[in-house]
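Novice: Protein sequence lines, in the order shown, are assigned to chains A and B. Using the working numbering, the first residue of the first sequence is number 1, and each one after it goes up by one. Using the working numbering, the first residue of the second sequence is number 1, and each one after it goes up by one.
Derived by calculation from the structure, the hints in this document are not laboratory data. The C-beta atom is built at its ideal place from N, Cα and C for all residues, glycine as well. Treat the hints with care, as some may be off.
So the derived label-pair ranges between C-beta atoms look like this [said to hold, decoys possible]: (1) Leu81(B) - Pro340(A): 32 to 40 Å; (2) Ser317(A) - Lys86(B): 33 to 41 Å; (3) Arg148(B) - Thr473(A): 43 to 51 Å; (4) Phe193(B) - Glu299(A): 39 to 47 Å.
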Amino acid sequence: MDKRLEKILYEVEKPARYIGGEPNSILKNKADVSVRFAFCFPDLYEIGMSHLGIKIFYGAFNARPDYWCERVYAPWIDMEEKMRENGIPLYALESGDPLTEFDFIGFTLQYELSYSNVLNMLDLGGIPLKSADRKELFNIVVAGGPCAANAEPIADFIDLFFIGEGEEVDLEVMDLYKACRAEGVSKAEFLRRAAQIQGVYVPSLYEISYNADGTVAAVTPKDGAPAKIKKRIMPDMDASYYPETFVTPLIEIVHDRAVEEVFRGCIRGCRFCQAGFMNRPVREKSPEVISAQCRSICETTGYDEISLSSLSTSDYSKLDELLDLLHTWTDAEKISISLPSLRVDGFSAALTEKIKSVRKGGLTFAPEAGTQRMRDVINKDVTEPQLRKTVDIAFAEGWNKIKLYFMIGLPTETYEDVAGIAELAQMVADEYDLHAPQNVRARGNVTVTISTASFVPKPFTPFQWEPQDPIETLKDKQMFLAKNVRSRRVRYNWHDADTSFLEAVFARGDRKLGAVLLEAQKRGIRFDGWEQCFSLERWLEIFRDLSIDPAFYANRRRNFDEVLPWDHIDYGVSKSFLRRECEKAYRAEITANCREQCAGCGIIASCGKVKGGVCP
Amino acid sequence: MNGDIRLWFRKTGPLRFTSHLDFMRYFGRVLKLSKLPVWYTQGFNQRMYFAFGQPLSLGMSGRREFCDLTLTQDVSRGEILSSLRKYNAQGFEVYDVTVPEMKLGEVAFGEYEALYLPQNASPQELFGKIRDILSLPEYLIQKKTKARGGFKTLDLMPYLATIEFSETPEGVRAHMILPCGSGRENVSPKLIFEAIRDFSGYSIFQQIERIGFYDAEKESFR
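Just chain A, same shape as in the assembly (with noise of 0.2 Å):
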């Protein structure tokens, strides 16, 4: 370990976070290896090492025996500080080498409040922050996740995007990167040849003209890229790659378990989750490949939990079967099992005997919306009686703490409609009078907590024209809400309105949006997702300073036939399928699920037929 390096970890917080050496991470000879990708995760090593797509990734590329995958978080603010001072550059926990040795370096985009993260991670690392300003066909800075949705705003740092699913075209990549350094051609022919490549969006290679109202005028492509960038998907997930083990870590992380996937996408079509739209078609694994795999995770981790994850897993059709099937191994193993969340009526005594869902002092549920117009609206088909009978029977399983999340600020919402979370809260607790077993009630009372997320409009959906509520809407909501709570067994938490409007401004932001992000690495700022690092004010600032009016992307209601920013990419769910869940939402007319009726989104016919799916 380097001197420099191992004095200042005496002075940080949770020095382990950087120090590798963790069990099953993966350790190459440099002389062996011909492509090295370093993948950043722009948040702490907490954070990032319970992203199971980093792990799906660095499990794949160091599959190649010539290509090395490292792993590299965004350190905290007290080790970046001490990493500035002594002149050490943000460096792969593995080999300690800095990112500038690096042929590739990629980053996964979760969330929008992490771009200031990339850009200062670019920094640390002492690589150029913009792809022009980096000319050699080395350090080719590349970016992925579900960000890449509309990377406009990103788009001047990126050399090249992934689209959708990356476990076959990143490799695509890499092998081109191989083959382009031996024939000796430039960065610019590397990108021009990898945009040729389903699922590679280059940002360099697209024109953007604006009309004098700000908004986009036309998507360009040229030196031959596609007009349309295309997503790319894994038809057939038992035979898709997947971690045969984890590298486990010496600290505590957020999540910390054998993590699972058994399908991707998800029936559900809920009309503002972008999830839900970008990741169709819906593919599930078989419940002996799931099996199998868990086992060989915790065979090589000595992790005693299993989530099954998902993005709605008691969706999985053969979640009985499933279970069954792990229990005929994890209980001698003394292994559980965990589900990420529950649907409101995916819910029953019967799954709770055979998982081990949260402890038995809280239960969380996301009916989204407090009316059932609301619900209707935004497609989320859960009733309240369907709640009522979730709720009498978790209250006869001995639970007595019910969570429940909603969101304020959706297209069409009205005061009754906040209103109506509150009263819904209400209804739970006096539930709880009414059916609670007399033993249960003896152990104390009930309590119901609300929590409210503001509503985030994001590309891919059909609210993907609404405007977002100001910020002084949204507060004002908060307030009446608050207001609206009478019973003492009812509480409240809100999260704050300021990281959601930046939230939304960055979501739908075009190119424009690259000087801001610029501007706010000079001054200082990363860590947006933390409470103690963000300041809406420091933003608004430079938003002042560069006379770019944020609103113009948070709160503006788009036309139906305004060309957006991200128009030029192509997740399979037709425009059209959008615009026509988005009109049913004004009318409140909901959509079925995929499982009970094909709603035509267009998925099919874009990416052909899939295994383990519900499309005709």
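Based on the hints, put chain B in the right spot on chain A.
Specialist: Chain B only, in chain A's frame:
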């Protein structure tokens, strides 16, 4: 071997930057993966039972650390050691297993080797300052007590006086045996380091390793 056993291990390198709590979690996984027939507690949440002698503070290496546990079936010494080697973090190694001869609670002293590297002074200068401290009649410090926010005054001199200091080309080496263990006065080597640092006024970088344990009679802990 069967019943109570004592594992001896090293915790060095980058692993020394993991806290005791994190290290225990890691150790639990090592045991789980070893598939050794470790005795589990019998309560509602069954857990593998194992107990460490003394926690190592963050940043300190350990060359002869131990952990006690109980096996429910007979396993050979060789098998125990090889099963614990399957899943190692850099800097962790179980190098021996014995049948405990002394009880865990009999630990009374820890033995440490520290290297003080002055950053803004020469080793000679630092060594001189240490000699100056040792010539004092007493060296009083405020030591935190277990009670919240509590402090008490402690004279470090009796402990300082037993330490062997030697000058090296890089800094000053210190070999010390200090009281530790439950129910006794604990004197952490950190207090010694802080005394030297504060008295000298130098900025000092410390490398420290615990190399063994003793019982109250200064018999090597077995």
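Novice: Determine for every hint whether it applies to the structure shown.
Specialist: Now the hints, each set against the structure:
Distance hint check: the CB atoms of leucine 81(B) and proline 340(A) are about 38 Å apart, consistent with the given range 32 to 40 Å. Judged by the Cβ atoms, the range 33 to 41 Å given for serine 317(A) and lysine 86(B) holds: they are separated by roughly 37 Å. Between arginine 148(B) and threonine 473(A) the Cβ separation comes to about 45 Å, which falls inside the hinted range of 43 to 51 Å. Range check, phenylalanine 193(B) to glutamate 299(A): Cβ separation about 43 Å, and the 39 to 47 Å hint holds.
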